[in-house]
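*Asks:* Chains as they are written, first to last, in our numbering: chain P, 1 to 389; chain R, 1 to 389.
Hint data in this document are derived by calculation from the structure and do not stem from the laboratory. Check the hints yourself; a few may be wrong.
A pair counts as met if it fits within one copy or between any two copies, since identical chains are not told apart.
Stated by the list, open to error - Below, a list of computed lysine-lysine pairs in the BS3-like style, where the Cα atoms sit at most 30 Å apart: (1) 97 <-> 289; (2) 237 <-> 115; (3) 115 <-> 289; (4) 312 <-> 97; (5) 115 <-> 388.
In this text the structure is predicted, and so the values were computed from the model without any measurement.
Number of protein chains: 2
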Amino acid sequence: MFFDQSEYDNRLTDCRQTMERKGIDVLIDSDPANMNYVTGYDGWSFYIPQAVVIFVDRDQPIWFGRGVDISGARLTTRLSENNIVVYTDDYVHNTTKHPMDVLGELLISYGCGSKTIGLEHDCNYFTPLCRDALQASMPNAEFVDAGKLVNWQRLIKSDAEIEAISSAARITEKIVQTFFDVVEPGVRQCDAVAALYAAQTSGVEGVSGEFCAAIPMLLCGRGTSAPHLPWSGEALKSGEAIILETSGVSHRYHCPMARTVHLGPPPEVLSNASRGVIEGNAAALEVAKAGNTCEDVEAAWREVIGKYGLVKESRIGYPIGIGYPPDWGEHTASLRQGDRTELVPNMVFHLMTGIWMDDWGIEISETFRVTDQGGVPFASVPNALHVKN
Amino acid sequence: MFFDQSEYDNRLTDCRQTMERKGIDVLIDSDPANMNYVTGYDGWSFYIPQAVVIFVDRDQPIWFGRGVDISGARLTTRLSENNIVVYTDDYVHNTTKHPMDVLGELLISYGCGSKTIGLEHDCNYFTPLCRDALQASMPNAEFVDAGKLVNWQRLIKSDAEIEAISSAARITEKIVQTFFDVVEPGVRQCDAVAALYAAQTSGVEGVSGEFCAAIPMLLCGRGTSAPHLPWSGEALKSGEAIILETSGVSHRYHCPMARTVHLGPPPEVLSNASRGVIEGNAAALEVAKAGNTCEDVEAAWREVIGKYGLVKESRIGYPIGIGYPPDWGEHTASLRQGDRTELVPNMVFHLMTGIWMDDWGIEISETFRVTDQGGVPFASVPNALHVKN
Numbered sequence: 001m002f003f004d005q006s007e008y009d010n011r012l013t014d015c016r017q018t019m020e021r022k023g024i025d026v027l028i029d030s031d032p033a034n035m036n037y038v039t040g041y042d043g044w045s046f047y048i049p050q051a052v053v054i055f056v057d058r059d060q061p062i063w064f065g066r067g068v069d070i071s072g073a074r075l076t077t078r079l080s081e082n083n084i085v086v087y088t089d090d091y092v093h094n095t096t097k098h099p100m101d102v103l104g105e106l107l108i109s110y111g112c113g114s115k116t117i118g119l120e121h122d123c124n125y126f127t128p129l130c131r132d133a134l135q136a137s138m139p140n141a142e143f144v145d146a147g148k149l150v151n152w153q154r155l156i157k158s159d160a161e162i163e164a165i166s167s168a169a170r171i172t173e174k175i176v177q178t179f180f181d182v183v184e185p186g187v188r189q190c191d192a193v194a195a196l197y198a199a200q201t202s203g204v205e206g207v208s209g210e211f212c213a214a215i216p217m218l219l220c221g222r223g224t225s226a227p228h229l230p231w232s233g234e235a236l237k238s239g240e241a242i243i244l245e246t247s248g249v250s251h252r253y254h255c256p257m258a259r260t261v262h263l264g265p266p267p268e269v270l271s272n273a274s275r276g277v278i279e280g281n282a283a284a285l286e287v288a289k290a291g292n293t294c295e296d297v298e299a300a301w302r303e304v305i306g307k308y309g310l311v312k313e314s315r316i317g318y319p320i321g322i323g324y325p326p327d328w329g330e331h332t333a334s335l336r337q338g339d340r341t342e343l344v345p346n347m348v349f350h351l352m353t354g355i356w357m358d359d360w361g362i363e364i365s366e367t368f369r370v371t372d373q374g375g376v377p378f379a380s381v382p383n384a385l386h387v388k389n
Numbered sequence: 001m002f003f004d005q006s007e008y009d010n011r012l013t014d015c016r017q018t019m020e021r022k023g024i025d026v027l028i029d030s031d032p033a034n035m036n037y038v039t040g041y042d043g044w045s046f047y048i049p050q051a052v053v054i055f056v057d058r059d060q061p062i063w064f065g066r067g068v069d070i071s072g073a074r075l076t077t078r079l080s081e082n083n084i085v086v087y088t089d090d091y092v093h094n095t096t097k098h099p100m101d102v103l104g105e106l107l108i109s110y111g112c113g114s115k116t117i118g119l120e121h122d123c124n125y126f127t128p129l130c131r132d133a134l135q136a137s138m139p140n141a142e143f144v145d146a147g148k149l150v151n152w153q154r155l156i157k158s159d160a161e162i163e164a165i166s167s168a169a170r171i172t173e174k175i176v177q178t179f180f181d182v183v184e185p186g187v188r189q190c191d192a193v194a195a196l197y198a199a200q201t202s203g204v205e206g207v208s209g210e211f212c213a214a215i216p217m218l219l220c221g222r223g224t225s226a227p228h229l230p231w232s233g234e235a236l237k238s239g240e241a242i243i244l245e246t247s248g249v250s251h252r253y254h255c256p257m258a259r260t261v262h263l264g265p266p267p268e269v270l271s272n273a274s275r276g277v278i279e280g281n282a283a284a285l286e287v288a289k290a291g292n293t294c295e296d297v298e299a300a301w302r303e304v305i306g307k308y309g310l311v312k313e314s315r316i317g318y319p320i321g322i323g324y325p326p327d328w329g330e331h332t333a334s335l336r337q338g339d340r341t342e343l344v345p346n347m348v349f350h351l352m353t354g355i356w357m358d359d360w361g362i363e364i365s366e367t368f369r370v371t372d373q374g375g376v377p378f379a380s381v382p383n384a385l386h387v388k389n
């Protein structure tokens, strides 16, 4: 495991302190990134109900999941055997019973039947049915919204986490260089993405690649107006813009980046936008120093791009770190008007200043670390609109 | 688009008939596979709230999503412009308001404020908070569990869907052949997976590859006991077993397959298990004909593997088709004891007879179509334990 046990101990101690402050006795968290954060658990098993359970008065959490995943829990966590609890396979996709029935019974057997249970109400892998089943199985417990407790805790990174993101950045650099190299008129989008996946997965000297929380977003031509459109089998064309948004991943930590290429001389609208975004990003990074707020960063960016005649209604960034599908964002602060979250050293954001109009778009983004001097990008890749003639 | 409009019209007609039978006026579905099934929508945007809304008394559904994804909805569906409705970006990850507030107001403006609204209570991308917000915004509506209405509808494939899965099978064959070719002692797991991703993404002559609902599951050595463990940067070793479970994808349809390789002469326990699984799979396919039930298939398999001294507690298969992360399963029937779902021609299952013990495992699986004569696999790949000396 990349992280020392002390790293996990610190995370759990902080988590329990927040639970105590919020009056939560038991926290049930099914977010795979949060599960990884507090235990190291890593598996593609989040498509069925599972959770990490943290107790305010117990040192170790419980990993709760499906029987076939017990070996994965043993191999990727340091939890003791009696803190790994599984349900039998007849609970999987069964309309008459639910895995959360088992978890409820377990918690009652632990003396938690009348305790205050914190749930994450906006977690993708904790469905309404999960909550219904759990509540029905613990009729005397009080259920409260934990309010993304662990997500907020992930906002400020430890030095070891910064190191993991720095490793991911080396892979990001390799992927984006591959992007610049492979896109040519006549190359099919799927073949370009095949090269990107290979770079992302092999990694670089000394850093093996891991799976990313999202597919490589390769947007081409009119598709540059649609930030989440998957690639196709169409060939790239001269006169088209091509956007890539992706991330290298190391020890589950991401370092996302977006760049834009134009095959042939770019139209003035795109050149102008690229100058605006680059100048705007520089202004945003300068303001992204400890003590300023999230909305300060956005305001600095908006002021610059306004001079270029550009507007962007969507937020310009969000915190990142550990990621599992469907996304690498941490779902807490946003770089946008009205978000007064104060910046603290070692917060890490993806400054995602993509602009998507009706029939064109541009993305030039940076993942940066907050310091006392401003935002410092992790990856070093030329940010100009990359023109291939 | 691969499918004719008539295919979507048929799907919607069937869906509305089931809604009528169940007394549901409006169905809200956030499952990306279901959204694709009824509209063709395809985008990596499911990490934030979105839905397809089907009305029992209106021809076209509504696509509801985030503003930045409007272009993606226009490019991947045939919906008319007024059936694509978006919310503004300030609703994204905002603790004071929720996208489902907007959907609730919209439905009230459509005269649905007192109607019966069907929800999918066990959909990964429809969180408890989504349901809470929607219910709060429509205080006079009646909310009912739609019970995976669209998922069940997907169980029997049209001829066009069978064609899509057949295309995916060609890519599956290429990926598995690549797997047999690249695994060698000394090759890093991540480099082997890089080759698999490249094969999956490039596709084959005439069929470009698409993203898969899951990562290539490459399990090595002791990791073969853990079916959902991600690959690492470790080198493959002589004397180890290596399992791959993955899928080619075409037009969003999957054709999963698992195969097992052994580097060097295999231990008897693995050779025995491979013979048992292969004979068991053949027995299962023979029984997987129209008129039999899901549990009949499992019983036939279990009887065979019992002779080899093997047991498997988890189900041996599930229906597949359209897939988005986190999985390619349809979450309806299961090939297991007690499931009396009757098999009908053109149902498609992944016969996933993986066995995972404490320190070893084996997977040899097939995706098959139900016919009157039995289960017919889509992909043609030798199923023996593949020994590389």
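*Asks:* Work down the list of hints and note, for each, if the structure agrees.
*Replies:* The hints, checked one at a time:
1. 97 <-> 289: between (51 Å within a copy, 28 Å between copies)
2. 237 <-> 115: Neither, since 62 Å and 49 Å both go past 30 Å.
3. 115 <-> 289: neither (41 Å within a copy, 51 Å between copies)
4. 312 <-> 97: between (47 Å within a copy, 20 Å between copies)
5. 115 <-> 388: neither (63 Å within a copy, 56 Å between copies)
Hint compliance for this structure: hints 2, 3, 5 are not met, and every other hint is.
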